[in-house]
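Enquirer: Sequence:
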Amino acid sequence: MSLTFTATLFQWRGPAPHYFLRVPDELVPDLRGAARLVTYGWGMIPCHARVGGTTFRTAIFPKDGGYLLPVKVAVRRAEALEEGQDVTVTVTPG
Numbered sequence: 003m004s005l006t007f008t009a010t011l012f013q014w015r016g017p018a019p020h021y022f023l024r025v026p027d028e029l030v031p032d033l034r035g036a037a038r039l040v041t042y043g044w045g046m047i048p049c050h051a052r053v054g055g056t057t058f059r060t061a062i063f064p065k066d067g068g069y070l071l072p073v074k075v076a077v078r079r080a081e082a083l084e085e086g087q088d089v090t091v092t093v094t095p096g
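Under the numbering used here, the first residue of the sequence shown carries the number 3, and numbering increases by one thereafter.
Hints listed in this document are in silico derivations from the structure and should not be mistaken for laboratory results. Each statement offered as a hint is correct.
What follows is a set of in silico ranges between Cβ atoms, one per label pair, in the way DEER data are often shown:
(1) R38 / Q13: 29 to 35 Å
(2) T57 / D88: 17 to 23 Å
(3) L39 / Q87: 28 to 34 Å
(4) M46 / V75: 18 to 24 Å
(5) M46 / F12: 18 to 24 Å
(6) A76 / L39: 26 to 32 Å
(7) F63 / S4: 15 to 21 Å
(8) P31 / R79: 29 to 35 Å
(9) A76 / R38: 26 to 32 Å
(10) F7 / E84: 17 to 23 Å
(11) L39 / V75: 25 to 31 Å
(12) R38 / A82: 33 to 39 Å
Small disclaimer: the values here were computed from a predicted structure and weren't measured. Just so it is clear, CB atoms sit at the ideal spot from N, CA and C, and this is done for glycine as well.
Produce the entire structure from the sequences given, and follow the hints as far as they go.
Expert: Printed below as a string of structure tokens:
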């Protein structure tokens, strides 16, 4: 199962800044179903993700009833992504 969505890149300004895409609410039930099969730890869903021409491994994690997809520095640099930009991503759990 692959999911494609567009979301706005945002920064979480904790001790170390991290950038994320929030999975749209309408896709949350699909991810919950996948989570039952592949999750590890506290609901983390390992996945392959693709933004533009860049593919990377990461893990989607639950947050406030939804899910967040972290976007690595290398991906942001390769695809020239900036905070506030709408980003289309394809995610394949597993």
